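Q: Residue numbers (this note's numbering), protein chains in the order written: chain A, 381 to 793; chain B, 381 to 793; chain C, 381 to 793; chain D, 381 to 793.
Rather than coming from a laboratory, the hints here were simulated on the basis of the structure. A quick note: this is a predicted structure, and the numbers were derived from the prediction, not measured. Hints are supplied without guarantee of correctness; some may be wrong.
Identical chains blur together in the list; that is why a pair holds if it fits in one copy or across any two.
With a cut-off of at most 30 Å between alpha-carbon atoms, the simulated DSS-like pairs for lysine-lysine come out as follows [to be verified]:
(1) K456 with K386
(2) K506 with K651
(3) K694 with K651
(4) K582 with K775
(5) K506 with K582
(6) K605 with K697
Protein chains: 4
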Amino acid sequence: MPNQHKIFNDPVHGFISVRFKIIFDIIEHPWFQRLRRIKQLGLTEYVYPGALHTRFHHALGAMHLMQMAIYTLRDKGQVISEEEEVGVLIAILLHDIGHGPYSHTLEHCLIKGVSHEEISRIIISKLNKEFGLQLSLAIQIFENKYHKKFLHQLVSSQLDTDRLDYLTRDSFFTGVSEGVVGYDRILKMMDVVDDELVIEAKGIYSIEKFIIARRLMYWQVYLHKTVLCVEQMMIKAISRARQLIKRGVELPATSDLNYFLKNNISLDSFKTDDEALHHFTMLDDIDVFSALKMWRYADDLILSELCTAIVDRKLFKIEITDTPPSNDRINTLQKAMARKKDISIEDAGYLVFTESTGNHAYNPNAGRIGILNKNGKVVDIAEASDQLNIMVLSKPVIKYYLCYPKNMELPSE
Amino acid sequence: MPNQHKIFNDPVHGFISVRFKIIFDIIEHPWFQRLRRIKQLGLTEYVYPGALHTRFHHALGAMHLMQMAIYTLRDKGQVISEEEEVGVLIAILLHDIGHGPYSHTLEHCLIKGVSHEEISRIIISKLNKEFGLQLSLAIQIFENKYHKKFLHQLVSSQLDTDRLDYLTRDSFFTGVSEGVVGYDRILKMMDVVDDELVIEAKGIYSIEKFIIARRLMYWQVYLHKTVLCVEQMMIKAISRARQLIKRGVELPATSDLNYFLKNNISLDSFKTDDEALHHFTMLDDIDVFSALKMWRYADDLILSELCTAIVDRKLFKIEITDTPPSNDRINTLQKAMARKKDISIEDAGYLVFTESTGNHAYNPNAGRIGILNKNGKVVDIAEASDQLNIMVLSKPVIKYYLCYPKNMELPSE
Amino acid sequence: MPNQHKIFNDPVHGFISVRFKIIFDIIEHPWFQRLRRIKQLGLTEYVYPGALHTRFHHALGAMHLMQMAIYTLRDKGQVISEEEEVGVLIAILLHDIGHGPYSHTLEHCLIKGVSHEEISRIIISKLNKEFGLQLSLAIQIFENKYHKKFLHQLVSSQLDTDRLDYLTRDSFFTGVSEGVVGYDRILKMMDVVDDELVIEAKGIYSIEKFIIARRLMYWQVYLHKTVLCVEQMMIKAISRARQLIKRGVELPATSDLNYFLKNNISLDSFKTDDEALHHFTMLDDIDVFSALKMWRYADDLILSELCTAIVDRKLFKIEITDTPPSNDRINTLQKAMARKKDISIEDAGYLVFTESTGNHAYNPNAGRIGILNKNGKVVDIAEASDQLNIMVLSKPVIKYYLCYPKNMELPSE
Amino acid sequence: MPNQHKIFNDPVHGFISVRFKIIFDIIEHPWFQRLRRIKQLGLTEYVYPGALHTRFHHALGAMHLMQMAIYTLRDKGQVISEEEEVGVLIAILLHDIGHGPYSHTLEHCLIKGVSHEEISRIIISKLNKEFGLQLSLAIQIFENKYHKKFLHQLVSSQLDTDRLDYLTRDSFFTGVSEGVVGYDRILKMMDVVDDELVIEAKGIYSIEKFIIARRLMYWQVYLHKTVLCVEQMMIKAISRARQLIKRGVELPATSDLNYFLKNNISLDSFKTDDEALHHFTMLDDIDVFSALKMWRYADDLILSELCTAIVDRKLFKIEITDTPPSNDRINTLQKAMARKKDISIEDAGYLVFTESTGNHAYNPNAGRIGILNKNGKVVDIAEASDQLNIMVLSKPVIKYYLCYPKNMELPSE
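Just chain A, same shape as in the assembly (with noise of 0.2 Å):
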């Protein structure tokens, strides 16, 4: 039975309600107060002062969002149960549940070869059998096991509430008021045709909008060069303590940051054992910053001085190009490095350095997003808008990018 059980405080949404017991026992539960700690854009805040919210935060906005999507089609006259509510209020609330420290930034840095979306099973699993199986219809869902296919649309598509939520939170936060989306236009259009979510087709100018802001978002905020340089400085001492350790070398950290940099650990250690999932449940962006803090007075000068430029933003060069940068300019920068500090060539790699990253603004492989004719045909949005090209958005761009110290000497190209 609904009651309300709780109310947060959100400066984007208002006041989010937790209607459920089981949702609100979820969110009381450490693994799910761990998301506190784990900032929701990692680094980003070195350029946008506020963006400090945190995934805790993101995964109420997007229940909140979802929420109202069911409020809205059941306006509609679809029918969703009470149970199918509270299912799909769970998924998307745990959608981001095995984010680990700073998010993406180190994702593939501190756990070789298992992402996010992994760890997220195996915790919800971990959490269902905690709950009673209170939370299997809503495990269903997130797999896309469940028959009703829009539910998993909702928490996973490329119109969720996962983006509407992250879009307009990242742009409230960053103060980049350009990347507003009108989510809850968005919301309002929205309908299920045949099991498909779709939007009404006086909704298309939001869902262009939407397109456009997420893109913005995109080169403005999350590929913003001075966060790529700092997030991939980030990676650098991380791999630089691996190295060391491996080599013997005593660094202080946490234990159980200790216990990913000591061990190779890989999925299966996740599924065989206990101990790598209690670490990790215990780690947050606290354990990686505080490890930073203290590397800035380790023996080793390329861990020194990766920390010690990371914590007083002392930033690197970054140079963007849409070529990768020829091997013949890393080898001379990394070279002149080498030399400079007397290091080895390959030590040089961890402050002279390169990098790609790139995006979709709109990929029409990942599932379309439908548009509602008042026909009662669904169709494209890359066929239904007039005039934006979406094919052209949908191209995906790469860009390349070199980083190494701002005050060196260096031969300039």
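Once you've looked at the hints, dock chains B, C and D against the given chain A.
A: Just chains B, C and D now, kept in the frame of chain A:
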């Protein structure tokens, strides 16, 4: 000497300060006060009930953004004298002074062949005399005759403070949050290169967003089909009234409106005789709408039906198509109407009618939006934007529509 | 059965859904549409140019808050049937239907001795017949004759959805951000104890804030001295027109306004004869302001001077004091005016006049605001608030003012 | 010379421009960057999950408001030289530089008897040397030794830009919209009379509102009982850790935190030896919270229980009262706890404890808020406000609270 004379509260921009006495005096002038009675968006309130804001408020808002633009440009080292500052502030303040009742809707209906820009020119010129030639520099800027061309561009170009204010303001008062423009960011990114107003490269996403937001506002607000419909109904009512008056029928109306209904006023009338201007400066939305209200009681069935339908908001049906409706269909409908009401086919054209409308999201022929790259070169946004297909957006879109009373039994197509 | 019939865009609350057919039908009725032409704050736009919002929008907004209140109360276990839901929604929707042009300003000027509540009652009763008695429950609630008293309190009490909407809305459109009320928090804190609408104890600061915000809005907006001044000028103009008409002078006006200028309409007129009601339901701000515009050309100097001053916003000087201005001073001023204009002393009273105004921030006699303590007991906010001196706020404040034309040479006091 | 060096995005104020090179250099300094890691509201995020904003962002925001205040005062004819402008901007920017981890919460816990203001002074003085004495005027203003006293009042008084920013910012990030302050209006109403910062009389309602909003923020946010509880729990954990260390127990912690846990640092330590300052400038929220996370594994039951409870957010029960809880009740509870955990009564005091807190909404002894009447005279707001009982608000309110673990079976009172 700048001095704070007056502060206006603006829900959109906060406080708007009037810093120069001459500007305060212009605002106090009855001709400027008249703009309080001309809604910025005419009949759009029929769809968006909050859209009651006026040209008065818009003019103040655009002036406020102009002031911000001046501060930014000066901070970047551009020299703008106080005389030029006052000039460009007055130019934007008065850019819409020549608008008549219901702005664009009745622009070529009440006074045929005379645009609001031409009337603006006449009014500004009169004011200049009244204010002892203190508006001369403003006029030069307005007419693009001043040697610093970028000042004119701030008043009138594809990215002027006029557009920045009206998009923001219209979005605010309609509640269409998706039309929100990052005007503060755009203003901060403004610079001047070779006397051309340009935007720094890092503002490129804001410009893309601005173009998309403008397009969205066009289709979702300015050209909303219900708005188009009621606008045409008003035009038909005015036309019918003029026709009846020509036939000698007496219709109640304020004397100022009567002047324009009874006479064929041309641009020459305005230039040669003060009467036209006098009546024009007394005229506003209230004259027109009070006439519609009175004409509900008119003996002429067509006029009373149109006016009752407008006032009571019993709007006609509107069909929107990408191609013009066939003459056959129009004829059939008009014939049916003529039969039903026992009126001539010609008169039936007041109740069954067709029109077209269109817009460019970005018009490359109307002067480019220049993007200033880091290398100091300026390129067109159409070229600078790596992905958004500006060329597609530049293509004008034309829509056709057909209107007729909802309750009539009509032969279906 | 609830069903989504229509969505209104509201810059204040976002989307407002109309979920019941009968409500949609009422909104479509010409008598309700008339509220589109009655500004919520009358002449306040003379000081706050954004304050053009209408009683139409306010009624929709208050209905929206009522819907939210219902959801909250149901979530807390209060039983509210769908019939009661529709009833209370209609009651709040129509609570202002009896307002005439310029609402409170002309309330006792156009139709002497008849309050807008009485006219509301008559109109709602007529609508009830027209809609096949579907409004009967709404009427019971409106009249506080329904057995569940808290439903009436939601419509009309010291903390009803009417106040929550108008304070929020007026604050929004004037741009006086300090008037912002935490309406969402207050709504969430609502509960019902012994059929009394109460606020949970933890909402006490929001209530204090609500009372202070209301007080601030009174002095800064509703009773702003410039607004008081222009309101009185309008009242004087209408009175003068009535006087002239009584003397046999012909003045232009719409026929609906003329009806009220020429006749002394009483509550009985409304009850016994349909003509009064017919004309009233045709009347709005436009009739009044178009009359003012036409009367600028009147032969009577007093009327034309008043009307020109209003239309051109050349407002009178206003002196505000805590005690009434002395009769001596008033007489001296009126005599000077009579001499200057060569008019009688009595007529001078249209140009030199005095009035008083006042308000309670919190009126303990108008029903308390009950605070629900954790122990389940309900106490008056005046008692529950540990520090804010509600008793002081409850004391009515009266201010006196004296108005006269700015440009006149007057003997100083 | 002013020049635009850098723009920060601020969701609260929009763009914040840094216009002077020296200010940009200070912001870039690691000591200022440290403020990025000190949350403005410490553990308030435990109740308001959005309240993660930092002293870094607040310092920038307060500087921005200072800039606006300067513009306003200059527009009103006050002479403020560029040197003074830079001075007062630096003074406000650095006013909180001496705050340590968790700001006020741990202020007298980590470093006994040393206030953050004293540390601020030491740090600013060091920075002044580092920046070639460019901060000398800022120091004079900060210390209220500069002859223009109003500059100091802008930095620190009952209505300074510090308060204006933090109330607005805290309200924004907590989502407690009722705490919103009309800071823009207050800034516009500022003036200087006889070297005293005053507010024009027409801003009086904004000031009343400001005082009420501050009071609301105190009780609803700053002194929220759950926040008080977790803060005390953190203080008890730190105290326990210090006690254990004194007894020779080894506890993991960053070296910078260890320095303050192991030594009794006094103001003298800061003045005479660089080590204290060095460690202090390396210290932030992360050092403290990572220690709490590590101490969950401590052998000491009291410490591990406190830390686990904090990290997992299993907070203690808190009882708030207007009078101190009786010694009897405290003793009974502590004895029960001692028995339950098999610990000494003294140690039980870490788990069952009592504290008090209080605040003034307006403190007349801390310098008045002067209101400038139209007649040119300045009076205290307490006198100028016709109705709000400032004297009542000035009375400090003290609340007492008692905390103990939720799950313990305790003798009820």
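Q: Given identical chains, is K605 near K697, meaning Cα to Cα at most 30 Å, within a copy, between copies, both, or neither?
A: within (10 Å within a copy, 47 Å between copies)
Q: Could you figure out if K506 and K651 sit no more than 30 Å apart (CA to CA) within one copy, between two copies, both or neither?
A: within (11 Å within a copy, 55 Å between copies)
Q: Could you figure out if K456 and K386 sit no more than 30 Å apart (CA to CA) within one copy, between two copies, both or neither?
A: Both: 28 Å inside a copy, 12 Å across copies.
Q: At most 30 Å between CA atoms: does that hold for K694 and K651 within a copy, between copies, both, or neither?
A: Between copies, since 28 Å is at most 30 Å while 41 Å is not.
Q: Is it within, between, both or neither when you check K582 against K775 at 30 Å Cα-Cα?
A: Close inside one copy (26 Å) and across copies (22 Å); limit 30 Å.
Q: Could you place K506 and K582 in one of the four classes (within, between, both, neither) given a Cα distance threshold of 30 Å?
A: Neither, since 43 Å and 37 Å both go past 30 Å.
Going down the numbered hints, you'll see the structure goes against just number 5.
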